[in-house]
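Here is what each chain is made of, one letter per residue.
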Amino acid sequence: MLPPQRYGLRLLLALAGLGCLSALHAANIGISSSQALSFGKFVAASGSVTVSPSGTRIASGGVVLLQTGPGQAAQFVVSGNADVTYAVTLPADGTVSISNGGTSVSVNAFASSPAATGLLGGGGTQLLNVGARLDVTAGLPAGAYSGTFSVVVDYN
Amino acid sequence: MRITTVAVPGFALGVVIMAANCQAASAVATASATVLAPIAIAKSADLSFGSFAPGTGGSVTVSTSGVRVAGNTVQLATNSSPTAAKFEVSGDPAASYDITIAASTTLNDGAAHSMTLVTCSDLSMANTTSGNVASGTLSATGTQSLFVGGTLNVDAAQLAGQYSGNIAVTVEYN
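Those protein sequence lines, which keep their order, are chains V and W.
The first sequence begins at 1 in the numbering used here and counts up by one.
The second sequence begins at 157 in the numbering used here and counts up by one.
FYI, nobody ran anything at the bench for these hints, they're computed from the structure.
Here are the in silico distance ranges between beta carbons for each label pair:
| hint | chain 1 | residue 1 | chain 2 | residue 2 | range |
| --- | --- | --- | --- | --- | --- |
| 1 | V | A142 | W | S295 | 16 to 24 Å |
| 2 | W | K199 | V | A142 | 19 to 27 Å |
| 3 | V | A144 | W | L315 | 52 to 60 Å |
| 4 | W | S295 | V | A144 | 16 to 24 Å |
| 5 | V | T148 | W | A296 | 29 to 37 Å |
| 6 | W | T256 | V | S54 | 30 to 38 Å |
| 7 | W | D202 | V | S34 | 50 to 58 Å |
| 8 | W | G206 | V | A142 | 37 to 45 Å |
| 9 | W | T293 | V | A115 | 33 to 41 Å |
| 10 | V | S32 | W | N283 | 54 to 62 Å |
| 11 | V | S60 | W | A196 | 21 to 29 Å |
| 12 | W | K199 | V | A92 | 48 to 56 Å |
| 13 | W | A268 | V | A142 | 41 to 49 Å |
| 14 | V | A87 | W | A296 | 45 to 53 Å |
Derived contacts from chain W toward chain V, CB cut-off under 7 Å, selection only:
| hint | residue |
| --- | --- |
| 15 | A180 |
| 16 | A183 |
| 17 | S188 |
| 18 | L192 |
| 19 | A250 |
| 20 | Y329 |
Everything numeric in this text was worked out from a predicted model, so none of it was measured.
C-beta atoms are modelled at their ideal positions from N, C-alpha and C, and glycine is treated no differently.
Looking at chain V on its own, in the form it has when it is part of the complex (with noise of 0.2 Å):
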């Protein structure tokens, strides 16, 4: 026989281990990218061009919004247990920048739809749609510009 505060030691560790057995049931959460986000083609002047989440792309100061380029919202698929919330994670302002190779641009306003929580549906997937504002300023150089950023998920 156990003394009893080893019992109580046992049980404690039973319940530490529940939330981890049913853990251990599901799937993880994962994330992958399924569109690249895209401010498109503009000349530049003092402004920012913005891309909603739903893809609308519209311009401020005297950015130029050329419609041979129109830019998208990134889009990622999220896929986990079904009927269950998550976390979303975008990057804070001032983090993200894309570049030319010489110059960068900074991205920020980060927005997303679902916003901060989403929901996976029946089949354990959700798409998740990602707009920034890009701030431009006069006189950036004519070129393509580049660069990355990260969104995280997680089990709320």
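Once you have looked at the hints, place chain W on chain V.
Relative to chain V, chain W alone:
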């Protein structure tokens, strides 16, 4: 005591698995943009109405293809060669753009005498004599030509001399 010693490492294993299962996932995506130089326009030919005599007044029209026609009793001099204005627009291949052309302008002789010019334009040198084109699309190589003609209103008492003025043309991506 034997049972207890077995249970402790079992718990340690459970903790490790739980930690692995509760890990967040992340994905990296590319962000990109294409910055273009502003669209450009340059004049390659001036609009010229050539020489004429006013007669009892009327008009002189030069089409976008450079064909000159007199209105009313204006008499055209045959020893002058009229030309339509031509502009070269350049920018991003296949891009569409808006065109703004002053609908009318004034030609002066430098001595306070003037004539009113009403402009006309097209992108195909199609002998256009009225109306202005409002938008265009650059070619696969990023160029397009713009042709501008016009109608000059000539007064019966129009003084002889050389008259000139400017036609402002603005283009912008749309």
